[in-house]
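Q: So you can see what is in the structure, the chains are spelled out below.
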Amino acid sequence: MNRKPYVREMPKSWWLGQRRYTIYMVRELTCVLIGAYVLVILVGLFRLSQGPAAYGAFLDALQGPLAIGFHLLAFALALFHTVTWFGLTPKAMPLRFGEKTVPGTAIIMAHYVVWFVVSAGLLLVARV
Amino acid sequence: MAKSNKPIVWSLFAGGGMLAAFLIPAMIFITGLAVPMGLLSKDVLAYERMLALAGNPIGKLVLFGVIFLLLWHAAHRLRMTLHDLGIRSGRMAMLACYGMAGLSSIAAAVVLLSI
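In order, the protein sequences belong to chains A and B. Reading the first sequence from the start, the letters are residues 1 to 128 in this note's numbering. Reading the second sequence from the start, the letters are residues 1 to 115 in this note's numbering.
It is possible that some hints are incorrect.
Which chain A residues face chain B? A few, computed with CB under 7 Å, are given here [claimed, not checked]:
| no. | residue |
| --- | --- |
| 1 | E9 |
| 2 | Y55 |
| 3 | V118 |
Quick caveat, the hints were computed from the structure, so don't treat them as lab data. For glycine and all other residues, C-beta sits at the position ideal for the given N, C-alpha and C.
One chain only, chain A, in its complex shape (with noise of 0.2 Å):
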């Protein structure tokens, strides 16, 4: 095809005017930051991979000032999406039995008691 659709200009800037953007923005941006979890679960399961020694001195990079920085802003973003994420599970999956529609506010809390459990017991098995 050989035609040029119009682009209307926009400021790189256009989710910083109003806040309902920038919440956009930063529920899209908790992205990178679980991302970039991963690659430090990855990182650890290297060097894991490698021995006690290795494992150990992962252990250790964990416990610096910027790993923890690191640690902390990922955590705030994780628990931004998750609170997000629940928001949207009634227009994402919204339930109908026969006639009757189950209320929004009752999908989102089920994804929390369930989250609840799961965090719950994450940290139970977790715990030595």
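Chain A is fixed; fit chain B onto it per the hints.
A: What follows is chain B alone, placed relative to chain A:
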């Protein structure tokens, strides 16, 4: 109807997003905050323990599944967001995002198989 790979792309994104919503806060808390800061014992992430987890076939499969889905979720969302941020070369963004996720997934598989 035209064939589309959107359902697959999107269901992987949604699966990864759901997994991230349920797992990631607790995981970051345990591995990135509680253990390094001493709120939980260092033994939680002890070498032998992690070796037992990543050393057995089921552990490998679970770890790979989680890593793959989370990377896919992040890659897909980043690709969409790059467009929103004014990066108009869709093909480049697609290659960069899915490429990173794909290569990292392969690396995860190689590392897990070597443990």
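Q: Each of the hints needs a verdict: does it hold here or not?
A: For each hint, the structure was consulted:
{"no.": "1", "hint": "E9", "verdict": "violated, 9 Å"}
{"no.": "2", "hint": "Y55", "verdict": "holds, 5 Å"}
{"no.": "3", "hint": "V118", "verdict": "holds, 5 Å"}
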